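Given chain X's structure and the hints, the job is docking chain H onto it.
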Amino acid sequence: MSGEFEDPRKTDLRQRCADAVDAAGYTVDAERTPIPYPTDSNFEGSIKADVSSTGTNGNRVLYFVRVDGGKPLPGWLSNIVVATFSMQDVEVYAVTESVGDRLRKTCTTVGCGLLCLNSSNDLELEVEYKEPDRGSAVKAFEKRLREVRRQLDTKVNANLQALQEQYSERKQLTEGMKESKRSKYLDTIESTMVRWREWGDELSSELDALAGDLDDDALADIKERIQNGTE
Amino acid sequence: MAKKVPITIDPARIDKNPNNPRRYFNDEKLDQLRTSLQETGVLVPLIVYESPETPGRYILMDGERRWRSALDLGFKELPISVTPPPSKLDNLLRMFNIHSVREEWSLVAVALALRDVIKVSGEDREGRLAEMTGLTRSTVRRARRLLSLPTEELELIQDEAHLDRTEQIHREDLYLEIEAAESVLRRQLPEVAEQYDRPKIIRQFARKREKQKLVNVTDFRYVAKLVKAADSDLVERQKVIDAADELIRDVNATPEDVYERVAAVAVGQQDVARRAELLSVALDAMPRNGRLSVRLKKRLEELRAEIDQLLG
Numbered sequence: 001m002s003g004e005f006e007d008p009r010k011t012d013l014r015q016r017c018a019d020a021v022d023a024a025g026y027t028v029d030a031e032r033t034p035i036p037y038p039t040d041s042n043f044e045g046s047i048k049a050d051v052s053s054t055g056t057n058g059n060r061v062l063y064f065v066r067v068d069g070g071k072p073l074p075g076w077l078s079n080i081v082v083a084t085f086s087m088q089d090v091e092v093y094a095v096t097e098s099v100g101d102r103l104r105k106t107c108t109t110v111g112c113g114l115l116c117l118n119s120s121n122d123l124e125l126e127v128e129y130k131e132p133d134r135g136s137a138v139k140a141f142e143k144r145l146r147e148v149r150r151q152l153d154t155k156v157n158a159n160l161q162a163l164q165e166q167y168s169e170r171k172q173l174t175e176g177m178k179e180s181k182r183s184k185y186l187d188t189i190e191s192t193m194v195r196w197r198e199w200g201d202e203l204s205s206e207l208d209a210l211a212g213d214l215d216d217d218a219l220a221d222i223k224e225r226i227q228n229g230t231e
Numbered sequence: 232m233a234k235k236v237p238i239t240i241d242p243a244r245i246d247k248n249p250n251n252p253r254r255y256f257n258d259e260k261l262d263q264l265r266t267s268l269q270e271t272g273v274l275v276p277l278i279v280y281e282s283p284e285t286p287g288r289y290i291l292m293d294g295e296r297r298w299r300s301a302l303d304l305g306f307k308e309l310p311i312s313v314t315p316p317p318s319k320l321d322n323l324l325r326m327f328n329i330h331s332v333r334e335e336w337s338l339v340a341v342a343l344a345l346r347d348v349i350k351v352s353g354e355d356r357e358g359r360l361a362e363m364t365g366l367t368r369s370t371v372r373r374a375r376r377l378l379s380l381p382t383e384e385l386e387l388i389q390d391e392a393h394l395d396r397t398e399q400i401h402r403e404d405l406y407l408e409i410e411a412a413e414s415v416l417r418r419q420l421p422e423v424a425e426q427y428d429r430p431k432i433i434r435q436f437a438r439k440r441e442k443q444k445l446v447n448v449t450d451f452r453y454v455a456k457l458v459k460a461a462d463s464d465l466v467e468r469q470k471v472i473d474a475a476d477e478l479i480r481d482v483n484a485t486p487e488d489v490y491e492r493v494a495a496v497a498v499g500q501q502d503v504a505r506r507a508e509l510l511s512v513a514l515d516a517m518p519r520n521g522r523l524s525v526r527l528k529k530r531l532e533e534l535r536a537e538i539d540q541l542l543g
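Residue numbers (my numbering), protein chains in the order written: chain X, 1 to 231; chain H, 232 to 543.
Keep in mind that the hints were calculated from the coordinates and are not lab data.
Predicted model only: the values in this text are computed from it and were never measured.
Treat each hint with caution, since some may be false.
Unchecked claim - As a list, the in silico DSSO-like pairs of lysine-lysine whose alpha-carbon atoms are at most 30 Å apart:
#1 K350/H to K171/X
#2 K130/X to K260/H
#3 K171/X to K48/X
#4 K260/H to K71/X
#5 K155/X to K307/H
#6 K130/X to K155/X
#7 K260/H to K139/X
#8 K10/X to K307/H
#9 K184/X to K350/H
#10 K350/H to K181/X
#11 K350/H to K178/X
#12 K155/X to K260/H
#13 K307/H to K139/X
#14 K48/X to K307/H
#15 K143/X to K307/H
#16 K71/X to K178/X
#17 K155/X to K247/H
#18 K105/X to K260/H
#19 K247/H to K71/X
#20 K48/X to K247/H
#21 K48/X to K178/X
#22 K48/X to K260/H
#23 K223/X to K260/H
#24 K184/X to K260/H
#25 K143/X to K260/H
#26 K10/X to K260/H
#27 K247/H to K10/X
#28 K442/H to K10/X
#29 K71/X to K350/H
#30 K247/H to K171/X
#31 K319/H to K171/X
Chain H on its own, in the form it takes in the complex:
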């Protein structure tokens, strides 16, 4: 256990931890803390280590919100506890353990820190990464899916991570949906993948959101439904390839509209056929000379009329 020596120093001698990936603080979220510090002072020491490169300067391990607030409130000195400089991996993992839950890192912040952990530790097994960082396996998985995005798209997410969710255009959940849709296209429709590279498809899909063409980010799930319609031979494969091509080329084309136009009717008919089979099995099981209830008889007569009308 490291021995901690409590002293006070000028907060200007403290630098942020390079391994804490939080980029911006939402300013108003510090109001409560600022008022508290102004009225009672900083009671809990910040945890720091002395910079190996610049003796006399300290790197923050724990207490970033207090540090930032104290700077804004013109504090001349802050209590600190000094620990020995950690190894690079220890530093990364401590940032996870101290900040990821307490400071509500965004998924993109988690992903970037995780990328460093993978790089430094050489460990890339999902379960082991979850153990090391304290994240759930599903969070590790989602973070890695974000990391598979082109750097420029990651930057766009990162630049808006401090905004309220309603203000974000490049949301993490949008990109998880886009990533899933792109993966389906690449895996199931290699003809499309040959024509467009991954960054291009992802960019074109993101532009639909930028141009406010999507009702909901989950609209990208229609891409998988569209591809499934081809796989189930409900729609000609070429039609689905053309539809996917349109979705990528035309920023104004939405996944829902294209699905409705190309596959919805066929998928709907398949659904009716499946239900008709189930009804047929149920009717077969009924006794032939048994009495039908008035309600069932009425409903079956209505159904027969509807079927006659449909078949012409």
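Same shape as in the complex, but just chain X:
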């Protein structure tokens, strides 16, 4: 869905991607039709690409546009890629205008295809969609990664919820305070919420990057930072 609330850069990139796919001779699907996950997958929802096309060999190609090519492949897209390996005739590509090292590395490790949309609106292949050799060690690492991500979600949500409740009760909590103190009190709640959100975003992005590194020491470090919180 594109709409009023979507980042306009993403809306633009999606359109340019569709134009480039069309110009390359593929039939772009008119609708963003969701595709069910394979039955052995535990994911919620379905696979809904930004752009999809049908190749000459009948393959369904799914394109997911990424505005910031400097960030690693996000966890949700890695999950989609892994799920499609057990589906027949489906390929997944991330599409961006400027490919950063972290995106290339995570795409390579996960097996996600990567295309760069150049200034002439041509799609250049950076990384092939290809199931990597994911041995038991890799699968075990992915499981640990998911567990740490759950810990991060829990930590961020619990703290934000507590602050939100504090904010909801601000009227009672600040009753009788001088305006300067009340302002300081509300500013502190706001800045603390911002800090937790930014901290969560940063660690989430670092976890995404680990899908490319498979680095247990780095994962342990992030786990410790989650335990310590924003302090």
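This is chain H only, laid out in the frame that chain X set:
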């Protein structure tokens, strides 16, 4: 307390709240939430009310990030809690209470929502608006200063509000500085205000940023310093009027450069004169036949040499 009935519906039957002024989501900021929803589902119901105009469709009160992410992740149904349709003012105030802090509304988003609150409630006292919305008084004040800008400039700020701060040209803090500079000119130099209307001055000042002529948005504070130099009779008033005129007409002229050229020397001399007076008072207070420390004596001799050289 409204009774909430938890049910699940197709997210396509939900519409955004018309009173939530957030216009764009920064796409990558939803990545963490998307991964979480994909792996665990939407556990907390979205709060909605049924559209009075279109029965069977629902308007979102709380849960916009989850709703948007669920749409992108191809969810077929989402849990919702239905509340009765709020009044227009209740809806506006709830948007403030639910979203302004949690979703980090930009100042321009706050300002636009505040404009609606003022319109619907008829309340425009700063303190009362702060109480109603939960904002601090200083935020209400800054939001109202943004609202005093021409609509076209507000649009420019709004169009970039979703970008990272480093990518924004039309930043809120830029316009707060411009607004302050323009107000000083209008109040203290009516001759300039007669020649140029407010939208014109604001546009010309914003163009300096668009053409990358400013080192820092706070450079506009030199406008107030310039005007103060005229008020303190350090610089001829006409010179300052001409300088202000140049600043408005010439997009390449920067407030700092114009201040340095027109007023910096005079302001600097006034500063030296003030310090000289303080030194004189301190010297007067010293005993006439007392012994001076070697260090003080050396420094005073150096100072005398500098003064002699300056006076010729």
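Hint check results:
no.: 1; hint: K350/H to K171/X; result: holds, 23 Å
no.: 2; hint: K130/X to K260/H; result: holds, 28 Å
no.: 3; hint: K171/X to K48/X; result: violated, 43 Å
no.: 4; hint: K260/H to K71/X; result: holds, 11 Å
no.: 5; hint: K155/X to K307/H; result: holds, 28 Å
no.: 6; hint: K130/X to K155/X; result: violated, 35 Å
no.: 7; hint: K260/H to K139/X; result: holds, 27 Å
no.: 8; hint: K10/X to K307/H; result: holds, 23 Å
no.: 9; hint: K184/X to K350/H; result: holds, 28 Å
no.: 10; hint: K350/H to K181/X; result: holds, 29 Å
no.: 11; hint: K350/H to K178/X; result: holds, 28 Å
no.: 12; hint: K155/X to K260/H; result: holds, 17 Å
no.: 13; hint: K307/H to K139/X; result: holds, 29 Å
no.: 14; hint: K48/X to K307/H; result: holds, 11 Å
no.: 15; hint: K143/X to K307/H; result: holds, 26 Å
no.: 16; hint: K71/X to K178/X; result: violated, 45 Å
no.: 17; hint: K155/X to K247/H; result: holds, 28 Å
no.: 18; hint: K105/X to K260/H; result: holds, 21 Å
no.: 19; hint: K247/H to K71/X; result: holds, 29 Å
no.: 20; hint: K48/X to K247/H; result: holds, 20 Å
no.: 21; hint: K48/X to K178/X; result: violated, 52 Å
no.: 22; hint: K48/X to K260/H; result: holds, 19 Å
no.: 23; hint: K223/X to K260/H; result: holds, 21 Å
no.: 24; hint: K184/X to K260/H; result: holds, 27 Å
no.: 25; hint: K143/X to K260/H; result: holds, 23 Å
no.: 26; hint: K10/X to K260/H; result: holds, 13 Å
no.: 27; hint: K247/H to K10/X; result: holds, 19 Å
no.: 28; hint: K442/H to K10/X; result: holds, 26 Å
no.: 29; hint: K71/X to K350/H; result: violated, 43 Å
no.: 30; hint: K247/H to K171/X; result: holds, 28 Å
no.: 31; hint: K319/H to K171/X; result: holds, 22 Å
The structure fails to meet hints 3, 6, 16, 21 and 29 from the earlier list, while all remaining hints are met.
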